[in-house]
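Chains as they are written, first to last, in this note's numbering: chain A, 12 to 295; chain B, 12 to 295; chain C, 12 to 295; chain D, 12 to 295; chain E, 12 to 295; chain F, 12 to 295.
Mixed in with the good hints there might be a few duds.
Copies of one chain are not kept apart here, so a pair can be met inside one copy or by any two copies together.
[Unchecked claim] The list that follows gives simulated cross-link-like pairs (lysine to aspartate or glutamate, EDC-like), each with its CA atoms no further than 20 Å apart: (1) 54 - 24; (2) 72 - 17; (3) 199 - 71; (4) 72 - 29.
I should point out that these hints are in silico values taken from the structure, not numbers from a laboratory.
Protein chains: 6
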Amino acid sequence: MLKRNEETFIACDAEYGDAEVVIFGAPFDSTTSFRPGARFGPKAMRSESFGIETYSPYLDKDMTDYSFFDSGDLELSFGRVESALNDIEERVRTILAAGKIPFMFGGEHLVTLPAVRAVHNKYSDVHIIHFDAHADLRDDYLGAKLSHASVMRRCWEIVGDNRIYQFGIRSGDREEFEWGKERVETHKFSFDGLDGVVERLKGKNVYFTLDLDVLDPSEFSGTGTPEAGGVRFNELREAVKLIFENVNIVGLDAVELSPHYDVSGVSTAAACKIVREMLLSMMK
Amino acid sequence: MLKRNEETFIACDAEYGDAEVVIFGAPFDSTTSFRPGARFGPKAMRSESFGIETYSPYLDKDMTDYSFFDSGDLELSFGRVESALNDIEERVRTILAAGKIPFMFGGEHLVTLPAVRAVHNKYSDVHIIHFDAHADLRDDYLGAKLSHASVMRRCWEIVGDNRIYQFGIRSGDREEFEWGKERVETHKFSFDGLDGVVERLKGKNVYFTLDLDVLDPSEFSGTGTPEAGGVRFNELREAVKLIFENVNIVGLDAVELSPHYDVSGVSTAAACKIVREMLLSMMK
Amino acid sequence: MLKRNEETFIACDAEYGDAEVVIFGAPFDSTTSFRPGARFGPKAMRSESFGIETYSPYLDKDMTDYSFFDSGDLELSFGRVESALNDIEERVRTILAAGKIPFMFGGEHLVTLPAVRAVHNKYSDVHIIHFDAHADLRDDYLGAKLSHASVMRRCWEIVGDNRIYQFGIRSGDREEFEWGKERVETHKFSFDGLDGVVERLKGKNVYFTLDLDVLDPSEFSGTGTPEAGGVRFNELREAVKLIFENVNIVGLDAVELSPHYDVSGVSTAAACKIVREMLLSMMK
Amino acid sequence: MLKRNEETFIACDAEYGDAEVVIFGAPFDSTTSFRPGARFGPKAMRSESFGIETYSPYLDKDMTDYSFFDSGDLELSFGRVESALNDIEERVRTILAAGKIPFMFGGEHLVTLPAVRAVHNKYSDVHIIHFDAHADLRDDYLGAKLSHASVMRRCWEIVGDNRIYQFGIRSGDREEFEWGKERVETHKFSFDGLDGVVERLKGKNVYFTLDLDVLDPSEFSGTGTPEAGGVRFNELREAVKLIFENVNIVGLDAVELSPHYDVSGVSTAAACKIVREMLLSMMK
Amino acid sequence: MLKRNEETFIACDAEYGDAEVVIFGAPFDSTTSFRPGARFGPKAMRSESFGIETYSPYLDKDMTDYSFFDSGDLELSFGRVESALNDIEERVRTILAAGKIPFMFGGEHLVTLPAVRAVHNKYSDVHIIHFDAHADLRDDYLGAKLSHASVMRRCWEIVGDNRIYQFGIRSGDREEFEWGKERVETHKFSFDGLDGVVERLKGKNVYFTLDLDVLDPSEFSGTGTPEAGGVRFNELREAVKLIFENVNIVGLDAVELSPHYDVSGVSTAAACKIVREMLLSMMK
Amino acid sequence: MLKRNEETFIACDAEYGDAEVVIFGAPFDSTTSFRPGARFGPKAMRSESFGIETYSPYLDKDMTDYSFFDSGDLELSFGRVESALNDIEERVRTILAAGKIPFMFGGEHLVTLPAVRAVHNKYSDVHIIHFDAHADLRDDYLGAKLSHASVMRRCWEIVGDNRIYQFGIRSGDREEFEWGKERVETHKFSFDGLDGVVERLKGKNVYFTLDLDVLDPSEFSGTGTPEAGGVRFNELREAVKLIFENVNIVGLDAVELSPHYDVSGVSTAAACKIVREMLLSMMK
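In isolation and in its complexed conformation, chain A is listed as follows:
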């Protein structure tokens, strides 16, 4: 008897019960103000993941030795932001309730907000490590409180002062940098200072949010708002390894891949590869 067609991120086809990490997609980009398309990110990552290997020569680990599960994309209502966010939060709660680690593929960065809501509900002491080109600390964007550009501000309202650590930030308006000074720990331009942060967070519960546009646009053009002067893939890979091997990741995401701006496929392939490294670095 033939089986109905299944499609998962490469090697994420474990039995649900066995899975340590559960992937899902949040194909939402309704508040994107400049160039939309992050909604197509999860599908592209799933589909192009078959161009990478399951084995990492960097970590000498193979995905086939672990149990990952891909639960597919949510169907989110465009133009109804709150409703979409609620659907995301519910999925994250479900995964957490099953004792598994939720790994969300965005979508625009706003999708991180409901994930943090759900994670904070379970782990009230959670810290957030945030890689991004943009500070995302605005109070609102053109009047919208729920916006990709204010997502970390909203997260700060949940987790409070000095629990958000930003790296690679190289764009924002003057006010958000000003506002952030006393409330979040912003490391501009690079990963300088990451060692110290990891040292301090050793063994603690951390939600990790990766806005892929932290990468230099030369290595990652496939995003809505490319910002010249970013970090290199190998720097990102090593930063991920450092974090994941030292803190306790309780939830994570990779957002803002917009495949329409990735004509060559290079960005999608890089996204898949860093996802593989994230998955493997978490496994002991």
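Position chains B, C, D, E and F relative to chain A; hints supplied.
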């Protein structure tokens, strides 16, 4: 003394006081469920309009003999649908209050709703002629009442039974076709029946909404949801001429150009050309 | 409990036991000599099928009223032609053995050969209706007997004289047209003569193979070898309806969509739409 | 001993002495005002010609039965218009002096001027048949007398009144249409009236200039200034056949293919196919 | 009363009288020999500038604190090189006469020549700092003295020996490198030596010409002649800061962005960002 | 008398008798499993080579001082792997028999196998230096022994243990890395260790195979399987110089350029430039 850079649709640089028609852009596509990008439509039309001539050999009229004005694009808040629609409605009211005809460049089709609100406020007897590949008569789309897929349903709530005339419709779900039967006049697949409708509406107030995807995708690929089997450009051009020379156009729009899917520029050029024909056909 | 991600052609998610038609993909284009990429066809059709509706206003039928099943893509070995063809033949045999109709998404046209082998094995009296821009009647192509350019020649070796009916053919070398004269019924350039053929094949077993490049490149650019001067989508749609409502379809395919040449998505959308019409036309 | 790499339009590899028609490329687009790129036309046509067959099922003739020669592209100096035109004129004179028919691949339409100069030098009674979307009858364009937009005006200065026959014209400014009325025979929009013109020119010397943008942009997007509402490929093919079988072609060109706007390759393939039909229709 | 649509580079909408820097576009690429398209540069930079912020976290300055003015694009006649260059020179003279700093967006590199002519007319002691991948020191290119490939040679004829400082040069023919040895100061491959040059030019009048292809093609693909092995964005940004904070910039340009080769938009975004840094670095 | 059109890699138009290096293209990609298109590599390199200079400022050498010959592309039968490989081997043998150095442009990496067969036939002591992102050491790929993914395994069967030196490798399955440990010398991720290898191979016969995907995808996106984290162009250029000035190159190739994934042309330009450096570095 040098002037600050102005950019208008070709030959739409009259003095505001003189203008008979006032163009504006509504770069909004927040409820687009499939492929976004209609937000880029108005800018693309303005920019590429310099590839067409101001003279129409079809009508033997020249835009430079009339007074058109391009008031630019609204800045609309993504993710806040009602707020964006209000901004559009206000712009249309302003233009109508000045005794001019508003011509809106979309954006997704939902932007027609606030335009119809404003027009109906001034002309309570208005009829709507609607060219489109899609019926857009759903009551809601994934729970959203304000959606491109339900825009004509919302318009019907304003203008009432038997005041909407649809042509070229070749896609929809079974329910919307069913629902529409008693309430709107749907001419499927082509412009068959347009003669009769124009006859009946002769001299009456009409809002004309052109979803450019009524065109066959071979002639107009630059749209979010291409539907094979559409009408040809010359058919559209003649239909526009027939309507505009016989009814009293009190407001109009051209929506759903999504230039990212128009790599060759052919769709944008066609959109500009039909806009020229619309502008000139209205002029006596 | 969350489900592993499934992905099917729209509304092809019946239980296998109930399914009347079983879809599968044959992502193979190893013998394509000019521009490869048909291997990406099945995935693209599946993914973009969500841009069309399940309801056909042409047929007034809805896919959700019937039972279709999508069994996914075969994993075929590139560079090993015979091995790949065997895998395809086996899949078709499996579906036929279950009393269901196999519907294959190509892939290059050579994939039709193993499907015809399997169908002929069950229905030795089968006729073939073949829509294409190219005759595909060469004895070999650069020495290769198993080639997209000789697939109908190979099929003729199976079904014999006067059992293949070609329509829309507008390209080939002089020899293949010459050779075909006595052996296959070739209708050049259009669907002229289809009425008579359908009349003669009424109620008989027919394998239908649709090389999508029979469509004019203006409506279907997404193919390896575009040939100007083809048929229009509406002509194809009506031809399909005529055939499917009169003969007994025992197997079918749609091949040669090469999505990399379909930057706008128009070709993929057209392919999905004609597949919907094929599926619905078969249902009584 | 290995040969240095040769590259010709398909089947245009005769010995020079035997050749009846000599092709060359004029990769020039220096005066193109809107979107450049016609300079890439000749190379693209040569390269993609291997996607078509040498045999025409429309004419039942095969290129391999005749002697065509491809002499390659001229190296033209951009920014020095007169110098470039002189180089073209010299190439055409060389070919004419050898008793052969020159077939030029453009480049922008201005390249027709030096070809007409050379042809008129040998055949002072020459008529011109001109297929185009644009009238090209301006006296100058932004002060430039030598411009793609004024090429037929310049040709008229050479051949005089009533010797230019235009078809398919659907764009221009009011003045050029006005000016042309007494001096050239302009058939707007289509090939209507071609029968009569061919009748009158039977057996006479004709230079044929094909601006490929006469085709509808749906079939030919690959050009700098697409104009909706053009002719279909099959109409063009039949018009060419009618002309070429009745008049005496003494020189010809195909211009304005701009392959960068032909992402799918459909336009280049259509250009190659109409070139084949032109070459074969000339042969008795 | 509605305003006619204005479009400027982001935050360059001061009153003309207040403006310290005046931007204009020179959309000219008529002598480009390889791949044209730099004519589209100024429009693209203006349009995409809204994807960057007005605040620079590198300089801790905000564009909204200063007065910049964008006077739009010149309308230049293609194919008439001298005429186009004169129009550019006149615009630069106008801006200089008003006591403001002209900032030109190219266009191909030849547009620098008339700007240098105008600047040298006012500041006869001007030095030129030139960032580029190409030496541009040829005496002529295919006979053309006015060519992108000979622009610095022409500038040398104006400013004389030892007043041109080149950096990042990694392409040219042997002769131009040879010729330049005694006459211009060429720093190959990188910014090595810039410190010393800036030291020597401290407080002096400098025209700065930035051919954006000095950037590595990985960070800046959107140009006609990409040359592997270039400088990184952050190196460029720091070099600009060093120069602009130490010398007296009396005129400047950024040329050779060709947006058609920038499918992802990354190059245009980088160009906008470096323009912001240039504008802000000049402000005390 | 006009010459038939010739097209060679820039400055590779020597007389055959004089040529020291003979280029040919192997446009084959039949076993490519992920994204095909390397078949278009040789043509693209030849055509775009005119965008680079013949002079290298890195080496201070000019191609016009040496004798290179471009013998064009083989016509290879797709879908018949062995037959295609035999045709390649024969071409390499011909070139070697004439006492010249064969330089093959791929095509997928499998084309290296027949080149190594031919070279090993003449130089039984040959070593192989292999730059690549992928190990290519699988025994088979989906059952195919002749596959791009197993090409170095097949080469190892010819040259034996410890004669293959790999650099830049950053992808593969666990088994191939394991297998290779005792048999080939794999330098992962970078060119670390190249000095020592070159030292050991000084003056010895070496076949050099360059899979261009060894470059970081930011500098070389135009390939089927991009792998983030690669080497930079300048590193590659210097590595090539080191090798070519010290060992005795007896054959070489540059493979896996897939121009369809190189929309900007940056990869093709980089490939041309490294080919120039390879050609010049070989010349004493």
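Evaluated hints:
For the homomeric pair residue 54 and residue 24, the shortest alpha-carbon distances inside one copy (16 Å) and between copies (19 Å) are both at most 20 Å. Proximity of residue 72 and residue 17 under a CA criterion of 20 Å is satisfied in neither setting, with 25 Å inside one chain copy and 27 Å between copies. In this assembly of identical chains, the alpha carbons of residue 199 and residue 71 lie at most 20 Å apart only when taken from different copies (12 Å versus 32 Å within one copy). In the homo-oligomer, the alpha carbons of residue 72 and residue 29 lie at most 20 Å apart inside one protomer (19 Å), although the nearest pairing across protomers, at 43 Å, exceeds that limit.
Checked against the numbered hints listed earlier, the structure breaks hint 2 alone; every other hint is satisfied.
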